[in-house]
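Take a look at the letters that make up each chain.
Protein chains: 4
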Amino acid sequence: MTKIKTAIIGGAGYTGGELLRLLIHHPHVEIAYVHSNSQKDKPITHSHPDLIGETELVFTDIVQTEGIQAVFLALPHGETKSFLDKNPFAEDTLIIDLSADFRDKSHGFVYGLPEINLEAIQNANKIANPGCFATGIQLALAPSIAKGWVKDAIHVSGITGSTGAGKKLADTSHFSYRTGNFSVYKLFTHQHLKEIKQTFKQLDPSFNQEVLFVPYRGNFTRGIWITAYFPFEGSEEEAVKAYQEFYKDAAFTFISSQDIDLKQAVNTNKCILHIQKEAGMLIIYSAIDNLLKGASGQAIQNLNIAIGLPQHTGLQLKSIAF
Amino acid sequence: MTKIKTAIIGGAGYTGGELLRLLIHHPHVEIAYVHSNSQKDKPITHSHPDLIGETELVFTDIVQTEGIQAVFLALPHGETKSFLDKNPFAEDTLIIDLSADFRDKSHGFVYGLPEINLEAIQNANKIANPGCFATGIQLALAPSIAKGWVKDAIHVSGITGSTGAGKKLADTSHFSYRTGNFSVYKLFTHQHLKEIKQTFKQLDPSFNQEVLFVPYRGNFTRGIWITAYFPFEGSEEEAVKAYQEFYKDAAFTFISSQDIDLKQAVNTNKCILHIQKEAGMLIIYSAIDNLLKGASGQAIQNLNIAIGLPQHTGLQLKSIAF
Amino acid sequence: MTKIKTAIIGGAGYTGGELLRLLIHHPHVEIAYVHSNSQKDKPITHSHPDLIGETELVFTDIVQTEGIQAVFLALPHGETKSFLDKNPFAEDTLIIDLSADFRDKSHGFVYGLPEINLEAIQNANKIANPGCFATGIQLALAPSIAKGWVKDAIHVSGITGSTGAGKKLADTSHFSYRTGNFSVYKLFTHQHLKEIKQTFKQLDPSFNQEVLFVPYRGNFTRGIWITAYFPFEGSEEEAVKAYQEFYKDAAFTFISSQDIDLKQAVNTNKCILHIQKEAGMLIIYSAIDNLLKGASGQAIQNLNIAIGLPQHTGLQLKSIAF
Amino acid sequence: MTKIKTAIIGGAGYTGGELLRLLIHHPHVEIAYVHSNSQKDKPITHSHPDLIGETELVFTDIVQTEGIQAVFLALPHGETKSFLDKNPFAEDTLIIDLSADFRDKSHGFVYGLPEINLEAIQNANKIANPGCFATGIQLALAPSIAKGWVKDAIHVSGITGSTGAGKKLADTSHFSYRTGNFSVYKLFTHQHLKEIKQTFKQLDPSFNQEVLFVPYRGNFTRGIWITAYFPFEGSEEEAVKAYQEFYKDAAFTFISSQDIDLKQAVNTNKCILHIQKEAGMLIIYSAIDNLLKGASGQAIQNLNIAIGLPQHTGLQLKSIAF
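First to last, the protein sequences are chains Y, L, H and S.
Note that full-length UniProt numbering numbers the first sequence so that position 286 is 286, with each residue one more than the last.
Note that full-length UniProt numbering numbers the second sequence so that position 102 is 102, with each residue one more than the last.
Note that full-length UniProt numbering numbers the third sequence so that position 72 is 72, with each residue one more than the last.
Note that full-length UniProt numbering numbers the fourth sequence so that position 261 is 261, with each residue one more than the last.
Any given hint could turn out to be false.
Same chains, same label: a pair holds when it works inside one copy or across any pair of copies.
Once the Cα atoms are required to be at most 20 Å apart in a straight line, the calculated EDC-like pairs of lysine to aspartate or glutamate come out as [what the hints assert, rightly or not]: (1) Lys147 to Glu79; (2) Lys248 to Glu119; (3) Lys105 to Glu115; (4) Lys3 to Asp249; (5) Lys186 to Asp259; (6) Lys167 to Asp259; (7) Lys151 to Glu210; (8) Lys194 to Asp204; (9) Lys186 to Glu91; (10) Lys126 to Glu210.
Everything labelled a hint here was simulated from the structure, so no lab data went into it.
Here the structure is a predicted model, which means the values were calculated and not measured.
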């Protein structure tokens, strides 16, 4: 198989960096160029110094569209549409957008959650990559929604690492503030609820329950932890079985029979789930790396699917473990 | 005022150490002795080296009961009763127990949550100091319970620092495991629910709702964060007003009109609350230091109340802030 | 004793906040006003929310000079002189400057390191408060310098918490960057070396050795750790004795006979030293809190000395311990 | 190429776990079995839950020697010799020992630092894998030693993550103690100095300088940072050039022209160096992951070399980056 000529737009940020870390060693990808206005003409190791010894690539501010077979867009939310208008890629260029701009499936984009939309992704040439919290929450709940088990409000608490807020400086990302600290934001109103509910409606058109989501800022850099629960009349065994069945072909989503913790998933493309029944509730925990399964890793998983490669290609990552 | 002759039983652990840090500079306390079987005859600065320059005290394994006006029991849960049986203090010795053993108000103990039981504590000579999670959750919810606002299940998520698990070594307190990590334990079954419900029944004998509590192990050493919510028909303003009224005489519990974060309360005896209405729910956040308002600080607050001192005495602590 | 009318200039930053945390409960201080241009008319709890329930003070942008008995200047380095030119305080107003601007003893300022300059501080009305690294390093080495023991280069490594870099946002203070990380800056050229050598010359006019200082950015918020060593022909006992003698009247500097760690000093005004002889070298470790003994705590210690109060007044702080 | 039948002895610990994480996806390795007495018959995902979905292997307590082409020994220091006596592997089995037991090159072991001993490793069937601090320090200094530049004592400070101390519980690995903390241990006497000096003697038989090494316990889980310096008469450019020449064929050791930080190397097999001249000293910084280049990663690098594979095989790891 020849290598796919691939471009990265917005290569200086966190998700751009993760794409680079993964694509440099992807056996079927050739990085044609990495775009960044701010870092133009600088080596990418200037922004991503951990890549020393792995690449001699230099950022460019020129967007070449011709001959590009796949392009990853890692632009700030809201800027993708105007970028694509200014830089029209060929009809058959695979576009994978990491922003929130097309997650409503507008403009012909497919919602890139492989566990739900595998077939659509196989046939897509425009993929909207899911949000990080959205990925963790949907994978925790999708089998229950599909089964029609949810007949009351779903209660969700989610904790995200600081990289979810990106590279830009902010008071809530100041080390002196965030270390040893804990806080809530966007209570019940997080923007990812929109794409979550869209998927739930797709799985069960009659779904109409509230998703009460408490998002926390965690005192760590990578990872998202989700706890979700709702009243459930079935047994734990029944639930575990249904989840195993639902995810039996999933490349990266696993149901653990042991208690889980966040670091099991950090620096991998996995989503690790654990299921419990207690006090009449079905509780599902999920752990992902917000920058991988929650962003750049899933983007490459989508690339693999869309171009017909095994989903694991370039994504068998060593977890941080400790 | 002469100084109260005070003993500390179990002075080598975390809560024992915090008692020492506070009592050494308490203007109306004289530490008669500090008991520890394991550290017998060693200077207390051996176990608590930060106290260098502040005390020359040495641990003893002899329990003197005579002449002791107040005694703090910082023994492992389950050991207090047999200790008191073996070492009977005088009727008028003030006993403040930090364990869970008498929080059911057995054996004449008063439940030492000053915001609820001020009068009883004023007249008590046996005080059962509340649990850390129990303190954070009760202070978040007491005014709502008292008002009779809770007519459905209460959803609570709580995150505790590692010091809540004490000095003993455990896999889940290993630095390599816990750093950058996050996990759940005792889902819906945390032992503090018992004392929480006991207080709620006291505030509203008809209270009969579920308290669904998700306890998390946080990636920090000190502090407890609580988020609690339930369906509420009133307005945010009404709720804020009721909470301000309820806590208007509280020495350490405050309602913040700003968003709060955990470190505001760390290394203080405060409980800082913030209140929000969203999606038909009343949401209350509370932040405390698990070793202070959640343990040793509250124990000294109880001492102050029981012996007729201003509640702040010896407890005007500088927060860690950063 | 009546209370000293005190002003804080630059009250919204980290050291300004620490001054407030301490002065609010200082028994002989009345805070006349807290100045901040950026926070004018906002409650100080807006910038320092942990102070809820302790103060109703509001920031002002008006500099009142009349009737002020003591003023703390917590302005950015380089701005103090022009501030004082614009706002001339009375001759007998005690000025304590936390910036680096007058640490060269210009304009009549005394260098405010109490362990060295006690008498001068007692008689001063202008005090230049030492730098944080400078405090840790000088207290580690002063007795050795005074004894004339140092006849070769001194090797120092020092690690600082993130609060040393202040409130402003910077790439090296980004939580995602700094967490779990470690790096060097200003190798051998740190600006504090100037005041360190000035003191060493004061203690021993013939002192002329190099101080090779490796400053590290640590992965914690508060504290400075110093390791210093140089060839030494005497014994460990001799050194310990000399240090104990040198610091026998010091209010906050202690020599520990046990191994020390940084957190013993965090959130206190202490400097904790430990001394070791190994491989022909005398090694001294010192641990301080960079914002307290390294800044605001020492400033208040200087205030106490200058106005004739016991040095501990308002400074008996509970360490964070964990 | 057929796959090498490989065994791991001591697979339940930290370095055993890292070996597993890497070998499972090594294209030329087949894991014959993973030995652990304590975890016998349990799935390896029980000890290493992050490996869910990647392996169905189960620990065994049976040591099979026949047919094993390569064996990794990840036993506690001091236990390897008696293990090998009890379990004699065939003459041509490649033995890679991660303990300190044969780093003195006894019993026919080659010291497995590829940057220095490449040829010997290519021909070895017994390899003693270097210590973590030893790797970081030797790679920082080897080119200078080889050039004969070091004519005075070398001053080294090194900071290690908590995983260097292994899985067992200890007071200094307690999360409540170590978080936000910093301390020294084994000052000037660290056991790795022995193998460091052995290599320096190999590079320059006349080398006879002191290596004054201050080892710190860092407040992070993974990584080792080294700062080393000594008087140097040449220029920075000359030094950089010599280092680039020395490491021009090194697979994982790189000289960065930018300032470096620890996390650039974390979760990779790289050693990243930076060189500076200041105050008459040549300063070299090095950053490695203590469990990878400092242990299991280097062990696999040695395997690759010994069996004739490209050094990168199975070791192109995504850094944690944040």
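List in ascending order the numbers of the hints, as given earlier, that are violated by the structure.
1, 4, 9 and 10
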